[in-house]
Amino acid sequence: MTDLERAVEATLFASEEAMTVVELAKHLGDAENGAIRDALSVLAESYAKRGVNLVERGKRWHFETAPDLAHLLRREKEQVRRLSRAGTEVLAIIAYHEPVSRAEIESIRGVQTAKGTLDVLLEAGWVRVAGRRDVPGRPVIYATTPEFLDHFGLTSRRDLPGIDELRAAGLLDPVDDAYDELTQSGSDEGEAAEEARAEEKSD
Amino acid sequence: MTDLERAVEATLFASEEAMTVVELAKHLGDAENGAIRDALSVLAESYAKRGVNLVERGKRWHFETAPDLAHLLRREKEQVRRLSRAGTEVLAIIAYHEPVSRAEIESIRGVQTAKGTLDVLLEAGWVRVAGRRDVPGRPVIYATTPEFLDHFGLTSRRDLPGIDELRAAGLLDPVDDAYDELTQSGSDEGEAAEEARAEEKSD
Amino acid sequence: MIEEGVLFQAPDQGVRDGWEGPAAAETDDSALYLELDGWEGPLDLLLDLARRQKVDLRSISILDLVDQYLIYIERAESMRLELAADYLVMAAWLAYLKSSLLLPKDEQEEPGPEELALRLQLRLARLGAMREAAARLMGRNRLGRDVFVRGAPEGLRIDRKNQWQCDWFDVVQAYSQVKARTAPAVHMVRDRPVMTLDSALDRVSSMLGVTLDWMTIEEFLPPHAEPRLRRSALASSFVAALELARLGKAELAQDEVFGTLRLRRIPA
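Order-wise, the sequence lines are chains Y, S and X. Count the first sequence with the numbering used here and you get residues 1 to 203, in order. Count the second sequence with the numbering used here and you get residues 1001 to 1203, in order. Count the third sequence with the numbering used here and you get residues 2001 to 2268, in order.
These aren't lab readings, by the way, just hints derived from the structure by calculation. Just so you know, not all the hints are guaranteed correct.
[Said to hold, decoys possible] A short list of chain S residues far from chain Y (calculated; beta carbon distances all over 10 Å):
1) A1007
2) H1027
3) R1050
4) E1056
5) P1099
[What the hints assert, rightly or not] Below 27 Å or equal to it, Euclidean Cα-Cα: the simulated DSS-like pairs (lysine-lysine) are:
6) Y:K77 <-> X:K2161
7) Y:K49 <-> Y:K59
8) X:K2098 <-> X:K2054
9) S:K1026 <-> S:K1059
10) S:K1059 <-> S:K1049
11) S:K1115 <-> Y:K49
12) X:K2179 <-> Y:K115
13) S:K1049 <-> Y:K77
14) Y:K26 <-> Y:K59
15) S:K1026 <-> Y:K77
16) Y:K115 <-> X:K2161
17) Y:K26 <-> S:K1049
18) S:K1049 <-> Y:K49
19) S:K1026 <-> X:K2179
[What the hints assert, rightly or not] To spell it out: a stretch of chain Y is covered by chain S in this simulated footprint if at least three of its residues, at any positions, have a beta carbon under 8 Å from a beta carbon of chain S; those stretches are:
20) 45–51
21) 129–143
22) 149–156
These figures come from a predicted structure and were not determined experimentally. Using N, Cα and C, we set each Cβ at its ideal position, and we do this for glycine too.
Using the sequences plus the hints, can you model the full thing?
Here it is, written out as structure tokens:
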């Protein structure tokens, strides 16, 4: 490696901006443009297979990360998070009733649904916007995605158990009992407050 | 050049901060520390003669321009803090004796240290408070930082110029210790001192 | 000026020549006086004088050093330069040290002058070592002055992405809960035997008309009523009693908290 190549390399490395051949020549004192150009092509060649490349963009030279390693600059870190109770309920309602609008989801759940709850389901890739309902206001309607079936190991939506099956499986009864107990001892407020908390957590 | 070497190279080139082996391993996902270390030493070797070097500073790695090209790149004005003579001395005493209290610094220098002197070093990020000495009064003790190693191009404190010789000559020991050492045999002062030095050198 | 001498010295030069003190370049004694401010205290001045002996610090002559220091201070005083107190204290101490060193040994006090001299020498050696170390440190290739990191790093960024988790059972259970919660609720209220306030009012006021004596509230209740009717009757009779007392038709008495409540008619 020649002294000039080293000097050009160090100068471009330390520079805050890409530099032209003329700027490099000026910075390096008595170097000739031709010699600088030669040095640049030798350097570009020697960096071609490295993690960093020396490239020319509009007559200006600079170092940049090799294109195939760009993913290293912006890394995604996945963190596993459990879906909130509200999120699970909304997902279930969409799965059982799709396509369904937000107003319909709310009327089934009996509580308002925070915007974040639907966003989470969209982000998770389990729910998609399936168009608009042809009624006044043209509300957006939601449906599940193939990823939803994938994730839950379902062949089709028909695999979801029906209400009668849920009851037969005892899934409805204990809840009924618990519900009766709640409504007998406490008031509607208690239930509403609990829901509100569940909604908040999903945000 | 292996994929990992390219990845380490690209990451260190792109990073705004020097990185430890652990940070690199974390950023690169599933890489093992040992593999990262191997990649670093291969890279350091391959850059050794270039205009840009890969260097280790206090366990953190970064690329920097080769020192012998300083004359081409040197920027005096904004970049480097100018230290007073007192500042340079206090910094050296902290670096060679750390951790060290202000009283200890003053006993070496024979003068009081203006408060501003330590403040400048703390502000520069070269010195930090490293706790308190467990003696009456519990004085604050000072030590150097990774930025100090960075700035002065030291791989570790063992790299401090002449530190081994100073230690061997007992010049980093307190005067009391050195005096006891010299006069241990109780014989004539001059001879004892000579002997003590001779012994130390032979170690 | 002093700082520059240190800062911009090439490293090897600094090491070879050692510390270049403020007056080191000056051989003319008179120049010394004018640069008194350049020293950081008497120890610094002593070190500088010691360095002029051009020998290893460990073999300097303390007596020569003391003489030089004392001469220096005297001349400064003769020129009426203002000397900081610590320079004078050091001068006095050195004068004492010199006289002790010259005295016969058996007249010495502890610590002996040789010990003091050796300690002074050790201190100077330590200060000298640090001064050289500082010069070498400052002479190194420094980041941002001599060596540089990448001027325009792309920077590393980590975007967090959520991986949501939920299983089949959760979905089915959530749905069943929604269904159960929002199913229309039907409430059945059983017919219960009660005594209304009106009938209690009639009953209590008519019974009060019988006598002027105190009667306990229990005496107003229907005698053979089943327990649930009796509880209802007690409640409505109590309210009736309060109402009659408010109208001035009856008076109430209770001797203690939760004690027996007694009623008596107030004659019209």
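Exercise. Looking back at the numbered hints, which does the structure fail to meet, lowest number first?
Worked result: 1, 2, 3, 11, 13, 19, 21, 22
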